[in-house]
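Chains as they are written, first to last, in my numbering: chain A, 875 to 1017; chain B, 150 to 582; chain C, 134 to 569.
Hints in this document: simulated from the structure, not taken from any laboratory.
It should be emphasised that the depicted structure is a prediction, and the values quoted were computed from it without experimental measurement.
Please note: incorrect hints may appear among the correct ones.
Said to hold, decoys possible - In silico BS3-like cross-links for lysine-lysine, where the CA-CA straight-line distance does not exceed 30 Å:
| no. | chain 1 | residue 1 | chain 2 | residue 2 |
| --- | --- | --- | --- | --- |
| 1 | B | Lys559 | C | Lys261 |
| 2 | B | Lys313 | A | Lys888 |
| 3 | B | Lys535 | B | Lys165 |
| 4 | B | Lys313 | C | Lys508 |
| 5 | C | Lys300 | B | Lys536 |
| 6 | B | Lys401 | A | Lys902 |
| 7 | C | Lys141 | C | Lys168 |
| 8 | B | Lys177 | C | Lys527 |
| 9 | A | Lys888 | B | Lys512 |
| 10 | B | Lys231 | C | Lys307 |
| 11 | B | Lys207 | B | Lys257 |
| 12 | A | Lys925 | A | Lys1007 |
| 13 | B | Lys535 | C | Lys262 |
| 14 | A | Lys888 | C | Lys527 |
| 15 | B | Lys535 | C | Lys168 |
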Amino acid sequence: MKITQISIFLENRKGRLFDVCSLLGQKKINIRALNIAETEEFGILRIVVDKPAEAVKALKENGFVAHLTDIVAVEVADQPGGLADILKILNENNVNVEYMYGFVERSADKALLVFRFDDPDRAISVLNSNKIKIIGSKDIGGL
Amino acid sequence: MIWNEKMETMDLNELKNIQSERLAGIVKYVYDNCPAYAKKLSKEGISTADIVTIDDLKKIPFTIKEDLRDNYPFGLFSQEVKQIKEIHVSSGTTGNPTVVGYTKDDLKLWSEVMARVIACAGGVPGDMIQIAYGYGLFTGGLGFHYGAQEMGLTVIPCSSGQTKRQLKIMTDFKPRILACTPSYSLYMAEEAREMGLNTKASSWKVGIFGAEPWSEAMRKEIEATWDLDATDVFGLSEIIGPGVAQECLQKKGLHIFSDVFYPEIIDPKTGQEAKPGQPGELVITTLTKQGIPLLRYKTRDIVSINYEKCACGRTSPRISKIQGRTDDMIIVRGINVFPSQIEHVLLGIEGTQPHYQLVVDRKTGELDELEVMVEVDEKIFSDEVKKLRALEEKIRDEIESVLGVLVKVKLVEPKTIQRSEGKAKRVVDKRTL
Amino acid sequence: MEVSYWNKEIETLARPDLEKLQLQRLKEIIGYALKTHFYKKRLEKAGLKSPEDIKSLTDLKKIPYTTKDDLRENYPQGLLAVAPEEVVRIHTSSGTTGIPTVIYYSREDLNNWTENLARSIVATGAGKKDVFQNMMSYGMFTGGLGLHYGAEKVGMTVIPIGGGNTKRQIQLMKDFRTTVLHITPSYLLHIHSKLEECDTKLEELALRKAFIGAEPHSENTRKKIEGLFNIDAYNSYGLSEMNGPGVAFECVYKNGMHIWEDGYITEIIDPKTGALLGDEEEGEVVFTNLIRKATPLLRYRTRDLAFVYKNACPCGRTHRRLSRITGRSDDMLIVNGVNVFPSQIEEVVMRIPQVGTNYQIYLEKDGALDKLIVKVEIYSKMFSGDINELDKLKTRIGEDLRASIIITPHVELHEPGSLPVFEGKAKRVVDNRPKL
């Protein structure tokens, strides 16, 4: 139930984010979730898209350093304490979150969050056994 | 004051006799004591009988830095190690470091020429000297230490760094002489202003600045800032360390102590003698050194030379400030850096292919900054910031341990480093001296 | 066991003659002390107006103790006893809270110091055939230059490398067939752990001896070092107030450090009451420096805890032996051979506006080396929410501390209110290093 995230190395230079987005736009690739981790000199753009294979191909052809990572997308109740409930479960089961961010869209009363775990397989089994809904890659395109 | 009045003011024709005698002596010494050199000379068909006057020097082949490196560690030592009393090591161009070994007499020679340096800059017995060159394997610190000790000065062995402490020591003990790199003197000025000190009121009246190239404009700035006489010192560890040449207060060139370090200026391409007054590569023969005597050593520094007697009374010929290099070496905070050394480090770090560029810059009142730009490729890219940071740190630490200089590592996107004719430009020097 | 001397006459001088020499030198040094602003006042108050008022060594008791605070309060010139042009060297050390201390040396003082180091080196069986890699820092720290001069005097081949850069240390040890090291015990153990990484086998080294000092260590640490490298390790003791290294050094018997008593009168006192203690009673070490005229120091309290052995040494030296240093009578910390006072750290962190009211100092072992961790709470009003700001704050704290205490600590930023709060005098130092 893991889905694929693309991470892209970007220098902190004007227009680099635009370059990525316009390239994906030209290729009719839709960004579903996005996050930027930044330092003073460089940033890492992390995206979840509807057509990851095509996106990576296009990025590499255009000279970007892009990298695929397994992440887990989770449905969270869109109400106060919704995220806390999930984190509590992860915490109790000693699952470590490397980073996380939210989806661009959400469905009805649910928010969608992306998690990067140090051990994704174990995280999935913990989430499953606690009846937390995980979104598969098939669902991404249809969102 | 002139420390060694006899040698430093001798008529150059008269000096020639001493130089000739010493050259013949050192060639014989090398034949007797240094097998690697003896082989090199006999291969050229040179025997001791061929070397009678200093003009015969031209018959002798040049020695280059690689000769030192290739014979590492002891190849060019002319004495058993136990006769060597001190060893200094500088990082070589790649791999093996460059080693210099001093006998007891060499240490005496070093002390003597460094006393000449300090006196030439305006130091007199009874002075106090603050030595802010690095101590240790780098020859700057101990060289000045020995010279100041020879003169009987009060030595404050500060070594480099710890700027606030340097300034406190200046304020509390009032040394009249400062020895450090020229850029560090300006860096200290910046810090002094922040601390609310009046730089013009400093106790330093004599500055002996070297280990990196600097300009007349910098001299004016330093002199105006600290209200002192700023003089230039020249040396290289292969020859002895600092103590090869020094400016007097006329500030019109650096007196080279040619009774012990015989200079020639050559066209680096042809190896022929350059026209008088024309810049060329400085070649030095050590006429009396025992540990590692060097015959016609190519320094790779571009200078011109002036044989006219100086108004200060010294006859020692004067070399110009360094006008450039014949290789790609850059000097960062007084430390010699070869791009090949950085390449060597990058190759050693798994996954890093050496697409790199060195950017050297010096902002006003700050020290040199060396930035190493490394192109990121897929092998080393990670989606986690901390892993990329760790890589930057690893590269930085490795470079620091090899070169002894702290650099800033910047990861950049592929193909962002300028290339000319398919070859990446390795060094961008943005400093204006 | 083969015993060698640098200066056999003095090193084996019969006790009565040694004490006679001490008395003569004590009078002379009191003459110099009376030339200083500080001692003139203090000695006259104690009824000592001239060196002739000292009739025997027991008269030493009339002189009050000198402390590090006295040195600080009389900085920079209050303890200078010779004309400025007689001074050939100045060493300063950072004080406990910003005010440094200074020691001046005349040419003769340097010669005396060098003599003691030559004696020390030869007492271990090292000599002029040795290749000596001096891994103690050069510059204002007396450890590097002190041994440098001693080794030069003995005629060893000196590699003046100073501290740090383990790879290069190992490469030079290998390439130059280094036989003797001067090093802190923790760094020597660290070097051992890096040999493999540097593709170096023990057999490729020519080491035979190490002088270990600048930090307290146990007999077990010595044994460990000796076993790992198959060398002899000798304990070395000194402090910059008493010139630097070479105050006391072990001989080939390795049974305590011979104090060069013609240069230093040694007393052991109860650190609380100041009362004199007897042989083999542990207390604070107090020295009177008999061989430095530019900055005389009488009955200087070192804050080091140790005792003096009663029995004679089989090596034939008549100079008594000091035990290992077992601790301190103040709160000074020794981190990888560098002396650090908690007050220095406090001064630095509390000066930074983005730091909150609480901080803590942790000491851990990271492999063989000491690790200094400074935990500080951030000041919530100054927090902008920008990660880069926090990064910069961390760097600044590290750099400011380095400028003050010379070593680079590991800095941790903590949320306001998250570090433990102590009533009254905060116990902010947690030393998790194994006990000696």
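Checked hints:
1. A C-alpha spacing of about 48 Å is found between Lys559 of chain B and Lys261 of chain C, which places the hinted pair above 30 Å, so the restraint is violated.
2. Restraint check for Lys313 of chain B and Lys888 of chain A: not satisfied, since their Cα atoms lie roughly 39 Å apart, outside the 30 Å limit.
3. In summary, the hint linking Lys535 of chain B to Lys165 of chain B is not supported, as the alpha carbons are separated by about 65 Å, beyond the 30 Å threshold.
4. With a C-alpha separation of about 24 Å, the suggested pairing of Lys313 of chain B with Lys508 of chain C holds against the 30 Å cut-off.
5. Restraint check for Lys300 of chain C and Lys536 of chain B: the C-alpha separation of about 24 Å stays at or below 30 Å, so the hint holds.
6. Between Lys401 of chain B and Lys902 of chain A the alpha-carbon distance is near 70 Å, which puts this suggested pair outside the 30 Å criterion.
7. At most 30 Å may separate the alpha-carbon atoms for a hinted pair to count; Lys141 of chain C and Lys168 of chain C exceed this at roughly 33 Å.
8. A distance of roughly 61 Å separates the Cα atoms of Lys177 of chain B and Lys527 of chain C; the hinted pair therefore is violated under the 30 Å criterion.
9. At roughly 24 Å between alpha-carbon atoms, Lys888 of chain A and Lys512 of chain B fall within 30 Å of each other, so this suggested pair holds.
10. Only pairs whose Cα atoms come within 30 Å are accepted, and Lys231 of chain B paired with Lys307 of chain C is accepted, the gap being roughly 16 Å.
11. Pair hint Lys207 of chain B plus Lys257 of chain B holds up; C-alpha atoms about 29 Å apart against a cutoff of 30 Å.
12. A threshold of 30 Å between alpha carbons decides the hint, and for Lys925 of chain A with Lys1007 of chain A the separation of about 22 Å falls inside it, so the pair holds.
13. The suggested pairing of Lys535 of chain B with Lys262 of chain C is violated, with an alpha-carbon distance near 50 Å, which exceeds 30 Å.
14. A threshold of 30 Å between alpha carbons decides the hint, and for Lys888 of chain A with Lys527 of chain C the separation of about 28 Å falls inside it, so the pair holds.
15. About 61 Å separates the Cα atoms of Lys535 of chain B and Lys168 of chain C, which puts this hinted pair outside 30 Å; it is violated.
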